[in-house]
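Participant: Here's the letter readout for the chains.
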Amino acid sequence: MKNNGLADTVKQTDFDKMGAELYRVVSDLFPICRSITGDGVRETLQYIKKVVPVELHEISSGTKVFDWTVPKEWNIRDAYVKDSKGKRVIDFNKSNLHVLNYSIPVKKKVSLQELQEHLFTLPEYPDWIPYRTSYYKENWGFCLSHKDFEKLKEDSYEVFVDSTLQNGYLTFGEYFIKGQLPDEVLISTHICHPSLCNDNLSGIAMTALLAKQLSNADLRYSYRFLFIPGTIGSITWLAMNEKNVSKIKHGLVVACVGDAGNFTYKKTRQGNAEIDHVVMNILENSESDFKLIDFFPYGYDERQFCSPGFNLPVGCLMRTPHGEYPEYHTSADDLELVGAKNLAASLKMCFTIVNVLEENKKYINQNPKCEPQLGRRGIYRHIGGHPDSRKFQLAMLWVLNSSDGHHSLVDIAERSGLQFGLISEAAEILAAENLLKESVG
Amino acid sequence: MKNNGLADTVKQTDFDKMGAELYRVVSDLFPICRSITGDGVRETLQYIKKVVPVELHEISSGTKVFDWTVPKEWNIRDAYVKDSKGKRVIDFNKSNLHVLNYSIPVKKKVSLQELQEHLFTLPEYPDWIPYRTSYYKENWGFCLSHKDFEKLKEDSYEVFVDSTLQNGYLTFGEYFIKGQLPDEVLISTHICHPSLCNDNLSGIAMTALLAKQLSNADLRYSYRFLFIPGTIGSITWLAMNEKNVSKIKHGLVVACVGDAGNFTYKKTRQGNAEIDHVVMNILENSESDFKLIDFFPYGYDERQFCSPGFNLPVGCLMRTPHGEYPEYHTSADDLELVGAKNLAASLKMCFTIVNVLEENKKYINQNPKCEPQLGRRGIYRHIGGHPDSRKFQLAMLWVLNSSDGHHSLVDIAERSGLQFGLISEAAEILAAENLLKESVG
Amino acid sequence: MKNNGLADTVKQTDFDKMGAELYRVVSDLFPICRSITGDGVRETLQYIKKVVPVELHEISSGTKVFDWTVPKEWNIRDAYVKDSKGKRVIDFNKSNLHVLNYSIPVKKKVSLQELQEHLFTLPEYPDWIPYRTSYYKENWGFCLSHKDFEKLKEDSYEVFVDSTLQNGYLTFGEYFIKGQLPDEVLISTHICHPSLCNDNLSGIAMTALLAKQLSNADLRYSYRFLFIPGTIGSITWLAMNEKNVSKIKHGLVVACVGDAGNFTYKKTRQGNAEIDHVVMNILENSESDFKLIDFFPYGYDERQFCSPGFNLPVGCLMRTPHGEYPEYHTSADDLELVGAKNLAASLKMCFTIVNVLEENKKYINQNPKCEPQLGRRGIYRHIGGHPDSRKFQLAMLWVLNSSDGHHSLVDIAERSGLQFGLISEAAEILAAENLLKESVG
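Protein chains in written order, with the numbering used here: chain A, 969 to 1409; chain B, 969 to 1409; chain C, 969 to 1409.
These are computed hints drawn from the structure, not numbers from a lab. Fair warning: this is a prediction, and the values are worked out from it, not measured in the lab. Among the hints, a few may not be true.
[As the list claims (entries may be wrong)] Simulated coverage check for chain A against chain B, where a stretch passes if three residues somewhere in it have a Cβ under 8 Å from a Cβ of chain B:
{"id": "1", "stretch": "1157-1167"}
{"id": "2", "stretch": "1317-1331"}
{"id": "3", "stretch": "1334-1343"}
[To be verified] So these bits of chain B aren't anywhere near chain A, every CB distance computed over 12 Å:
{"id": "4", "residue": "GLY1030"}
{"id": "5", "residue": "LYS1121"}
{"id": "6", "residue": "LEU1342"}
{"id": "7", "residue": "ARG1345"}
Idealized CB from N, CA, C, for every residue including glycine.
If we strip away everything but chain A, and leave its shape as in the complex, we get (with noise of 0.2 Å):
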């Protein structure tokens, strides 16, 4: 069996020594300043490489792609606010959510009130610092406390960002495993959020050990792996790889999956894929509570990749859905908010929408007239080993009767009510019978 590799694999894994990996990629990557350009991404990338061997790209400011303009790179050494004493009141050093990502270069003195334009504050969370951008408008600015910012007095301010605003690169990294067939799931992540954990480092920490385990084993599908900042990078991957997207016959947005909350499955904009099919049936028969979303187009990188000029079967998979736990985008978002477990149980989603897809295949029952006689070939014997063994000669009728090449398995096990692994074992034993042939196209 070929993907008994990947089955095992599950099996054989530890989650608990996997969450702590995983846990360990988010803090280590936790102090860099990313954005959606600069060497905060490469350091990012760079790191990443030493779990997978994922290839960067770099893409030069200016290049066209479809309706955007891949922008100038932005870098930045140090920040701050100082008083007329000295002190700095604000640092980037303490946090680099401090500056307005993408802050142009400033120096000057200025007063509290020109200061206070440039600030940005969360008042209904007075402890928190917020995460701003301004990536497509140049600006300067700051964000703090509010708790903070209602200590700053009348001053004469100094105000410095050390930033750099230039033409460079985009860069973004690509890791792909081939399989059996070209066809491929693709599985993006963005990379763009600095210090902040669940969105996203938490997606980034899994999709690298998806990456590293799948890279053992034997599969089916060929596998792509994207690490992208998100909108600008989606769209520059799209406009690079325009010829080859037809190839995507399945993928997922990974992101904001470390936090404890349920699972939430956004489905594609088409909204009847076989992944949808695939991750409702696994959470339909998980144990926990799930929520399931239609396509809307505005969130991840869903939005390009669901455009309807490429309309592709791409969902998201995450726990809490951004915007709606207080902690997002914000410096709350830290190593508190996500834990070691939630971060291995995403990890062992994954591993398991994957093996689902793997084994979903078509057969067709090579005995259509009448069911074929069971009881001769020895599949009884099968069929009284196994430990629920009513339910799993129910399972082989399923699979016998709707196997006309029309109805994957886990169009059988929704409309059967059985478990996909149940359906799956059952196809496996009559495929090895010769009752069943897979349907290929």
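Dock chains B and C against chain A, hints included.
Facilitator: Just chains B and C now, with coordinates in the frame of chain A:
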């Protein structure tokens, strides 16, 4: 923007004033004794002509119209029942409901017993006079309150109906507004009922004033208004216009729109027509309760428009449906049952329907691959300035994502859960920026 | 009206008398030891032949039928277990359930321990003898009540099964009624169970008497009745009649129709077949509760008729489904479990199904443009004289409006919410007036 004219018309309309005007039309037309043919209909149409220049059509008795024949014309001058003392115990002059509509002429003395065979009452509502007709079976008769009926004693009665039933004409009114497109919206209302207010002076008044208001607007569709006697009128019109009915892309039969009940929309026979989605979207986004009914083959003239040989996309707008209020087809359907406010709100509802139909275009995203960059086009300026900027931005994204030529703006409003107005406003801005192009045909 | 014959037959049937007759058939057939082959089946079919002239078919052991082979024929004369005192502690003569069905011949002395390996009991129902078979795996055995089982002491037992398992025949019965059309309705029931009443002497009796009654009627469809051993019988019949199965337009497997439970209808694999709509319409308009089940690939011979290579529109009518009553496949499925009233009501249900199938035509409105004028044809006479004249008029309008060749009368009944009988009666009058014409093919 072509239809701003219409949207502005609606905004500028003083619906309080309009309510008073609608109520005046109802009051003015109330005393006239109408039927499916005759001078009452002519007088009514002459009155409407002062509101909006409807064209009168006269179709000869005996004309074959599909399976039917245009009947003889009926006119009536007086009718009464006198007791032996010469007292008018039933008097047409007091209410034209007292005579069986289409009653043949009669003048004779009858006993109480013989008289009773020609009397109609409503025992369950003893104060009300019922409304009865005998169009296609020659008969004479009187309708009276059950209370008065019970006062009739053994006597010799003189019955007199001063009517004529002779070859003449069936009269109906038609008003056409030419829009940019040859595609037509049909709005039809029945004019055959005598002194009954809700059924259907309400529909007549509302349709006339809707036609008047639309005649001043710059319209995409052409609009055809029919003021016709029920059943035989629509059959006659369809027989005479059989070749042109394919121009009718949307239609509404309007009746019983003056009472205080919530709106009721009866869907077209097709059940999934654009007019169905338009009206449902408006009702679902209104603040009042409403009722949706699937098509059924009785009711008003939608029966004919939706007969299987035509199957036109014609729905029916009412408040309380016929037969579901006790005053229906009785003398209690009078000037007190209908209200200026109700009439005005019905007119406003029809304006809204027309407005959504006019605006409900399909567009094609001109940058279907990935999202276009809204920022560099200054579109965020529109968004930022919007009272509900978050929803307005979503509206933009939904319109862009769904505009593949298959989804109308109402479809997008339905799918996104956003107000049609927001979707339409977003589409207008995107089209102005050449990000969308109307999909024609 | 062609089928009045049938409707009249139903009306004139004395179902009390019929119930007694059905119960007598069940009682007469109860003692016979049936199996999937052998003289018990022949004797049963000979009995049925006196009710309705079924044709007996004998298929040789060893005949290949799709993936199966017709098995050896099994016959049994006696079987017992005697204790060392010569007392029959288990005796085939007391109940034919005592022997494992298809038990091979055996005659030997065994210890209690060895004996126990061949005994089957039902610990949860200690008074009942289970029914067990071993058709395709040669074995000998006895079934007994758990109470009796517990009385067995250490002893030397003589076991004796006087059976034969030899080349012979598989026997089944078939009865065909030629109707006006070559299109067939299949009604199939299994005849392989020994002394079990509900499963399936009830089905045998009901099918035999249904066939008898229909043989006197003037029928539109042809009807084919199968009295076959379960599984191997339907497989054999399908193998022998493969070329003709396309004539089967509707079908029912009938089983377990004598108990007091409500009706259960298991839909065809197609799920949307005419027989599904017919039975659902009848059940939904009946006054009793009922149960609808989607197709699943186990149960009775619908498994074979609905295998993917045939996918025939064959549903299954039961009262309490197999396995859902405790007496199922035990000695408690006896003459007390089934009742004359239940059997008669099941027969009446099948008559109703046949009657609706016969009447369920599609018509084409001959005046599809606008409504035809019913008044001048005197149709209001029919309506006025009808016990529920308002509904009957609606039925006329629904039939006219929906008769576009795509909707059968059952479809119209479903959509309108009116009784099929009313719809059918309306169609008959309209067809007699040439307002409808049957849509053939």
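Participant: It remains to establish, for every hint, whether it holds in the given structure.
Facilitator: Quick rundown of the hints versus the structure:
A count of 0 residues in the stretch 1157-1167 of chain A with a Cβ less than 8 Å from any Cβ of chain B is obtained; the coverage claim is therefore unmet, three being the minimum. Given a C-beta distance limit of less than 8 Å, the hint that chain B covers the stretch 1317-1331 of chain A is violated, as 0 residues qualify and 3 are needed. Given as covered by chain B, the stretch 1334-1343 of chain A fails the check, having 0 residues with a CB less than 8 Å from a CB of that chain where 3 are the minimum. Its beta-carbon lying about 58 Å from the closest one in chain A, GLY1030 (chain B) satisfies the requirement of being farther than 12 Å from that chain.
Interface exclusion of LYS1121 (chain B) from chain A stands, the closest Cβ pair being 73 Å apart, more than 12 Å. Distance to chain A contradicts LEU1342 (chain B) as a non-interface residue, since its nearest Cβ pair spans about 9 Å, not more than 12 Å. With a cut of 12 Å on Cβ distances, ARG1345 (chain B) falls inside the contact zone with chain A, its closest approach being about 9 Å.
Checked against the numbered hints above, the structure breaks hints 1, 2, 3, 6, 7 and satisfies the rest.
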